[in-house]
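Trainee: Sequence:
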Amino acid sequence: METIQRIIHRLQQYRVIQTMFVVYSDRDTDNHLLSITDNLHIFQTQELMFNVLEKRIEEIEKQNLDGGLFTTFYRKEKSLKDVREDLATFVWTHVFKVVLMSMPRDSLEAKREMLSECRAYYRNDVIQLAQINEFERKYQSKDAIRWYTKPGFLFYLVNKALRSQDIWALYKFRYFIIDLCCHLEEVSSSQSFSSIRLYRGAKLNRDELEQLQIDCLISTNGFFSCSSDCNVAEMFIGIDLMTDGLSSYNRNAWQQFVLFIIDVDRRASMNTVLADVSHESELPDENEFIFNFGSTFIINDICFDNDKCIWLIQMSSSSDNIRINDQHEKYIRKYLQQTNPYIMFGHALSDINGDFGQSMIYFHRLLRTLPIDHVERPNIYYNLGRIYRFLEKFEKSLNCFRCALLLIRRLLPERIFDYCRILGGMGTVYLHLGDSERALKLLRQALILQKKSTPENHAEIPFHLNRLGHAYFKAQQYDLAFLILDSAEKFFQTKMPIDHQEYAQTLHVMGLVYRALGDDNKALISFQEALRKRYLLLGKDHPYLASTYYQLSLIHNDRAEYELALDYIQKSLNIQLIKFPHSHSALKLSRELFRSLQQHQ
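Just so you know, we're using our numbering here: the sequence shown kicks off at 299 and counts up by one.
Hints are supplied without guarantee of correctness; some may be wrong.
Restricting the straight-line Cα-Cα distance to at most 16 Å, the calculated cross-link-like pairs of lysine to aspartate or glutamate (EDC-like) are [to be verified]: (1) 458 with 415; (2) 440 with 407; (3) 838 with 415.
The following label-pair restraints were derived from C-beta to C-beta distances [stated by the list, open to error]: (4) 868 with 529: 24 to 32 Å; (5) 526 with 872: 44 to 52 Å; (6) 868 with 494: 17 to 25 Å.
Hint data in this document are derived by calculation from the structure and do not stem from the laboratory. Quick caveat, the model's predicted, so the values are computed rather than measured. Where a beta carbon is used, it is the ideal one built from N, C-alpha and C, also for glycine.
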């Protein structure tokens, strides 16, 4: 009995061990063993154990088919991403982090929502459910690091949410993510070490490994745990410390073992949040350090160790992202002075991710849960109006804007900023309905009020200019359209503090005007530049990209460049089929153009 206890106590020190299976025939000691740890399964016979073990192995192998970077569960999850190739995701991950950190830390609703998600995921796992119940009873913000380093549901589900790059999942775990971010920043700022070498063992799919190149700038998607002890990192990838090697793996295998060697110089990368958490960890012998999510690194060297059969990737902390981060953080914090963080989060779901369905669910839920007299209800209706407009449900859109307008009028003049946005949103709906006269009246009114009530460099002004410029284009008043769009372009070039995706809309509408005037050369240049900015600053499946792809396809079709035109229209359709309802007019137009182009094949 004592021998079993010693073994269990020793195994408890390693987070890599999630579950222990023990065959022990003495029923009287079962309860005593179970009291030692909460991840222990005891069986009376080997046959019973093997039956459960086979099912567990089958589950893990099935999940491994979707294995992704640093995880054994879902291929779509990524722990690291190349920042230079995916600037939009990198920038907006940071933006969402800023927005999350602006939300209340002690929201009971956020806690309930997170635990509900955890219980649904572990609904058949009594051990994890017991730990979730314990968290609900005992958790305090000051214990965030201890709970994160504790083997169990939090470590896996929080990083799963972050690595999936699913902003909705990120929101559901905001209760704990906010606490952990804040606590890591506090610990990091209190520690004085200037440089250190850390290690991280990981299992990568071959295709993900091949994406990592020397001089590549990468960003962590989740909280990035490392150790100052190389042996601990090697243990996590299964290196036998007695033989110093792995068994049955080679460099041609589908799954590759990687040892990251990370050099941190805090003097060169002052914004890096890195905390030595060994003093708070449930497993102090791991000598654990944690990087905050969104930390960036430069890859300095990659080589294969034939003796240990592992890849060695050397990288160092980087400050290349500081300027980009600082610009966007300053812009977002200024924006948050006029926009509630909960509203901004849902707004970003649709505007940045193009995820209209999730954004609609989010705002409808806010509408149900907030008090009837809550000051943010006008903004909820405003955002629902925008979403319904994107989906071409124009009557619903107008009804939402009317509700927003009715509610916001009671809060004037303090809420003039929101009032102007609502007027602009309503004007855009009338534009889509073909009522250019009413649209222009509302859009001009919105711009005039915005200019009167805010400084001349206010970031909302070019958005109003874009809407008005598009309205003049629709009304075939091309000279006025150019005049307004030129003002918007100059604003983006001289007054906007960041490279904003709305600048791409200015260029896109300019392309529409040039094309209407028969100048396809200038139209092509405008659309290409709009595409470049949208590709850089938006999600790769955003409907705005589809719109520009469609216009480029039209131009190349007119030039009898059918292969190029077909390529663009296929890209447009790939996005629209996912993002739009089947009855959407843009999807119908793309299908017609696609069928026409197929005849030239």
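Trainee: Evaluate each hint against the coordinates.
Mentor: Taking the hints in turn, this is what the structure says about them:
1. 458 with 415: Holds - the C-alpha atoms of residue 415 and residue 458 are around 12 Å apart, at most 16 Å.
2. 440 with 407: violated, 19 Å
3. 838 with 415: violated, 27 Å
4. 868 with 529: 24 to 32 Å: violated, 51 Å
5. 526 with 872: 44 to 52 Å: Hint holds: Cβ distance 46 Å, inside 44 to 52 Å.
6. 868 with 494: 17 to 25 Å: At roughly 49 Å between Cβ atoms, residue 494 and residue 868 fall outside 17 to 25 Å, so the hint is violated.
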